[in-house]
Amino acid sequence: AQTIHQWPVAEIKAVGSPLSLGCTIKGKSSPNLYWYWQATGGTLQQLFYSITVGQVESVVQLNLSASRPKDDQFILSTEKLLLSHSGFYLCAWSLDWGAEQFFGPGTRLTVL
Amino acid sequence: GEKVEQHESTLSVREGDSAVINCTYTDTASSYFPWYKQEAGKSLHFVIDIRSNVDRKQSQRLIVLLDKKAKRFSLHITATQPEDSAIYFCAASPDSNYQLIWGSGTKLIIKP
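From first to last, the protein sequence lines are chains B and L.
Using the numbering used here, the letters of the first sequence correspond one by one to residues 400 to 511.
Using the numbering used here, the letters of the second sequence correspond one by one to residues 616 to 727.
Chain B on its own, in the form it takes in the complex (with noise of 0.2 Å):
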């Protein structure tokens, strides 16, 4: 079975410190991974996919970048955070384009 985990649960940081959110799926080869932004109470926005290790493409600038260094893991990082930086931090996988995508338990993050 698969299973999608992120890490950490929560987390509360300064404005201007760097962050560093991690996202590994066990169980399934090669899949298409995104990030997701969820401000409290509110809709989604999607930040950036992957369907191959080494290759994310950014959906939305938000001062925020992200790598796939090894096929199961992706991560989520910026040097700098912003207050607007505040939200529900999902990573999702899915086994192709338009299939029904798996999401992880997300991470919320405070920025004060």
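Careful: at least some of the hints might be erroneous.
[Unchecked claim] With a straight-line Cα cutoff of 30 Å, these simulated DSS-like cross-link-like pairs (lysine-lysine) come out:
1) L:Lys652 / B:Lys412
2) L:Lys672 / L:Lys683
3) L:Lys726 / L:Lys657
4) L:Lys726 / B:Lys427
Keep in mind that the hints were calculated from the coordinates and are not lab data.
Just so you know, these numbers come straight off a predicted model, no measurement behind them.
Since the structure of chain B is already known, use the hints to place chain L on it.
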């Protein structure tokens, strides 16, 4: 670019009745329309999807309808149960990219 509008921010129905959630989209090139469910404080789970080559799809108590002329799609939940209570998100995407554009969510409340 594509915009997705989800018309009902909150919908309250009596247990056993049907619920209908409506979404409209702007890009005629969009061809994939999934629905996801989010319970309070949790991650997203896939509900059902439809592609532009059909206008109706059913999975047990869930029916999704697509009207390409009106650029509208809707989720029908029949015989609602308490566990259907959640926020439902619609989304749209053209086949040509790996982006999902999301609606703002509908909070579905099932009253006893």
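Going down the list of hints, with the structure as the test:
With a C-alpha separation of about 29 Å, the suggested pair L:Lys652 and B:Lys412 falls inside the 30 Å cut-off, and the hint holds. Distance restraint check for L:Lys672 and L:Lys683: the Cα-Cα separation of roughly 14 Å lies within the 30 Å cut-off, and the hinted pair is therefore satisfied. A C-alpha spacing of about 21 Å is found between L:Lys726 and L:Lys657, which places the hinted pair at or below 30 Å, so the restraint holds. Between L:Lys726 and B:Lys427, the direct Cα distance comes to roughly 40 Å. Violation of the 30 Å bound is thereby established for this hinted pair.
Checked against the numbered hints listed earlier, the structure breaks hint 4 alone; every other hint is satisfied.
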